[in-house]
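If you're matching them up, the sequences are chains A and B in order. All residue numbers for the first sequence refer to my numbering, where the first residue is 1 and numbers rise by one. All residue numbers for the second sequence refer to my numbering, where the first residue is 1 and numbers rise by one.
Don't take each hint at face value.
[Unchecked claim] So the derived label-pair ranges between C-beta atoms look like this:
(1) B:R230 to A:D312: 53 to 61 Å
(2) A:E132 to B:P405: 17 to 25 Å
(3) B:S165 to A:A375: 51 to 59 Å
(4) A:A386 to B:A64: 56 to 64 Å
(5) B:E118 to A:E40: 48 to 56 Å
(6) A:D207 to B:R230: 24 to 32 Å
(7) A:V407 to B:R365: 56 to 64 Å
(8) A:D207 to B:S137: 52 to 60 Å
(9) A:A375 to B:R219: 36 to 44 Å
[Claimed, not checked] Here are some chain A residues the structure puts well away from chain B; computed CB gaps all over 10 Å:
(10) V22
(11) H76
(12) W194
(13) G226
(14) D312
(15) A378
The set of hints was computed from the structure by calculation and includes no laboratory data. Only a predicted model underlies this, so the values are computations on that prediction, with no experimental measurement involved. Glycine included, C-beta positions come from ideal geometry on N, C-alpha and C.
Number of protein chains: 2
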Amino acid sequence: MNVSQHEYPNGLVLVAETMPGVQSAAFSLLLPAGAAYEPEGGGGAASMLADWITRGAGDRDSRALLSALDNLGVNHGEGAQTLHTSISAATLGRNLIPALELFADVVLRPHLDDDEVEPIRSLALQTLQSLEDDPGSKVIYELRRRHFPDPWGRPSPGTPEGVASLTPDALREVYRQGYRPNGAILGVAGAIDWPALRDAVGRLFDDWEPRPVPPVVERPTGPDRGHIERETQQIQIALAYPTVPVASPDYYRARAATAILGGYSSARLFTEVREKRGLCYTVYASYESQLDRAAVVCYAGTSADRAQETLDVTLAEIARLGASGVELEELETMRAGLKSSLIMQQESSMGRSGSIASDWFHLGRVRSLDEISAALDALTPESVGAFAAESAEKDLTILTLGPNPLVLP
Amino acid sequence: MNVSQHEYPNGLVLVAETMPGVQSAAFSLLLPAGAAYEPEGGGGAASMLADWITRGAGDRDSRALLSALDNLGVNHGEGAQTLHTSISAATLGRNLIPALELFADVVLRPHLDDDEVEPIRSLALQTLQSLEDDPGSKVIYELRRRHFPDPWGRPSPGTPEGVASLTPDALREVYRQGYRPNGAILGVAGAIDWPALRDAVGRLFDDWEPRPVPPVVERPTGPDRGHIERETQQIQIALAYPTVPVASPDYYRARAATAILGGYSSARLFTEVREKRGLCYTVYASYESQLDRAAVVCYAGTSADRAQETLDVTLAEIARLGASGVELEELETMRAGLKSSLIMQQESSMGRSGSIASDWFHLGRVRSLDEISAALDALTPESVGAFAAESAEKDLTILTLGPNPLVLP
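For reference, chain A alone in the conformation it holds in the complex:
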């Protein structure tokens, strides 16, 4: 692994991996401007802003900016999540620094013209509308909102009231607070020349001034049991329960327990719900980590007549994981799967730039493949089983969506 890192005087961190044998280069810029940092009542500001910044920046108008990126063959996306606003892009290695020059304009010198706000607002309202036609995404957004204390589960598309009320000045204030170098991480991977990249990033982002970190007030949310009534064909079932974050010494035990529950095609949920009972096609458990908290999120989508059994079997499998440990064979299967996906993910400059930025956010360093492999090798059925016993079934949040509610424990 060939990873270099540099922290600039304004706090921006550059972390980059040179990948031999690829021609592409990709970057992932994490800005501390996620939906969690939006002002009271302004739900949707971070997403609207991620659209606004690309509508003209530096000496280019909206169309000239998008054309300049297209002319460099840049495949890019800008969007807000709960913790960050992220900008990711991939192109040929020789076009990386020219692309970063354009994105330095986008981040530091966006026009933020008042005229663009109404089109952006109407697109943001449409995103909220289209979420109503997408019950699988809707239930997961709402699950996170109820499970995590506010603002840590806030859905990035916001609320119709928030999107309707945001003024250009309110959006500019969100920009000033969150688009700051202290707390920003630029992960780069692929065909790169480290000294040239380090110097270029320094030159491009040098005049970006640090800002104070805004205080966050946490508030309890809930309820931990709920149903959203919708005239859908399928019933959506979503569950979450707490686990440990990436920085925890128990992280690998947590990942292993989640994978054994529902992370691959012979995992327990898949076997019990899909293979043995044919209850639904899609059922999984996934691991989601923030800095100080993390959750296991389980999802299933099924027909009305099978929904109650699907929920009951899923809950029974969560309970069984805590109660009766894991087998050596399961542990080995989980290990083979995680190692294989890690190696494959490492072959993509786009995937790699995202994961080194994420590692830096969670740990302040980048893990090598050898470190991860060794940690996975050190796991035993006893250590994973003991972790599952300590952590399962506490503070479960359950949310369903469909015509009728289910019986919840």
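Fit chain B to the supplied structure of chain A, relying on the hints for placement.
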């Protein structure tokens, strides 16, 4: 480019690319068993079969088979499309041949137990139900069904009547007809040893017997204007018009014209519909090719009050492409984007195995990056404009989905 190919006596074609510097290997097996070859009234057979074959094969039952694949760290998917049933998988290079051994059982020696049919049928019915909750996918499936002559637009999820009526014997007959080596293509890419791979595939698929190619009777479909009434929040708009297939000498002109219409973020549809008018977030034009026919498919999803204008602007842009040619700047932007994505796609063993199998299907050979680059370089605004003028606006199919119909031309 390091591509080797071999045709076995039974007709199976192996085409493989050695990628230096990667540890992974991926394959994509195309079987001539898509939904288009299903018997009359049996809509959904190909998809049900793609599920059935993994429920026990060779000397392993369903659970043992999935565990064996998970133990090799294989990320895999089996599914039917209109023309093919495809099996794709990625793993570490050293596990490729062991994974192929398991899939040789799946393809040649599936158990196809009667007991598994009811669970598979119920999952297939659920897939059809979940499509009703997914208006964006629904409208594209129905557009293809109306645009292409039957069976070439047949949706692979089938119909509720078809799925309900298929007997185990009827499904086994579909297996016997379509799971044949003549017409099958195995594309492999990544960390491979060609002589060892060629020998292993020969040994594993040697006793697979060729079958006659079933005759296909084409029937006209339509209607070419339509509306599906659904109480959705967003209106879905889908259009298709014919273009030339991959094997045509005009292929690159067709791809260029489609990309300039709606293939990148400063393309015409995106600029006119999203940037200038803020009508919707998602609008694009994509190119879809079968062997003898191809189509440009345009899609937009928007709110009721903007739907008519979105449709009108989209139709005006399709007409303008045919009427007033393309500019040099647009051509250069299109070229930069296509070349950059080609190079990036070439860095992924999964992407590469799929595209060499697809090249073989369409052309009977694999194109090199240099060949594609040279063809793109040879395009001029005049040649692309002339193609657009000859081909646009003929035989347009338009389908909308939402509470109320729009005014269609």
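Now for the hints, and whether the structure bears them out:
For B:R230 paired with A:D312, a C-beta distance near 31 Å fails the hint of 53 to 61 Å. Distance hint check for A:E132 and B:P405: the Cβ-Cβ separation is about 21 Å, which falls inside the suggested range of 17 to 25 Å. The beta-carbon spacing between B:S165 and A:A375, approximately 52 Å, falls within the hinted interval of 51 to 59 Å. In this structure, A:A386 and B:A64 break the distance hint of 56 to 64 Å, their C-beta atoms being roughly 28 Å apart.
At about 53 Å, the CB distance of B:E118 to A:E40 agrees with the hint of 48 to 56 Å. Judged by the Cβ atoms, the range 24 to 32 Å given for A:D207 and B:R230 is violated: they are separated by roughly 52 Å. Take A:V407 and B:R365: their Cβ atoms lie about 60 Å apart, and the range 56 to 64 Å holds. At roughly 47 Å, the beta carbons of A:D207 and B:S137 sit outside the given window of 52 to 60 Å.
Distance hint check for A:A375 and B:R219: the Cβ-Cβ separation is about 59 Å, which falls outside the suggested range of 36 to 44 Å. Once the 10 Å rule is applied to beta carbons, A:V22 is inconsistent with being away from chain B; the minimum gap is 5 Å. Not every CB of chain B lies more than 10 Å from the CB of A:H76, the least distance being 8 Å, so the non-interface label is violated. No Cβ of chain B approaches the Cβ of A:W194 within 10 Å, the least distance being about 19 Å, so the stated non-interface status holds.
Here A:G226 stays apart from chain B, with its beta-carbon at least about 19 Å from theirs, past the 10 Å limit. At roughly 17 Å from the closest C-beta of chain B, the C-beta of A:D312 stays outside 10 Å, upholding its exclusion from the interface. Every CB of chain B lies more than 10 Å from the CB of A:A378, the least distance being 19 Å, so the non-interface label holds.
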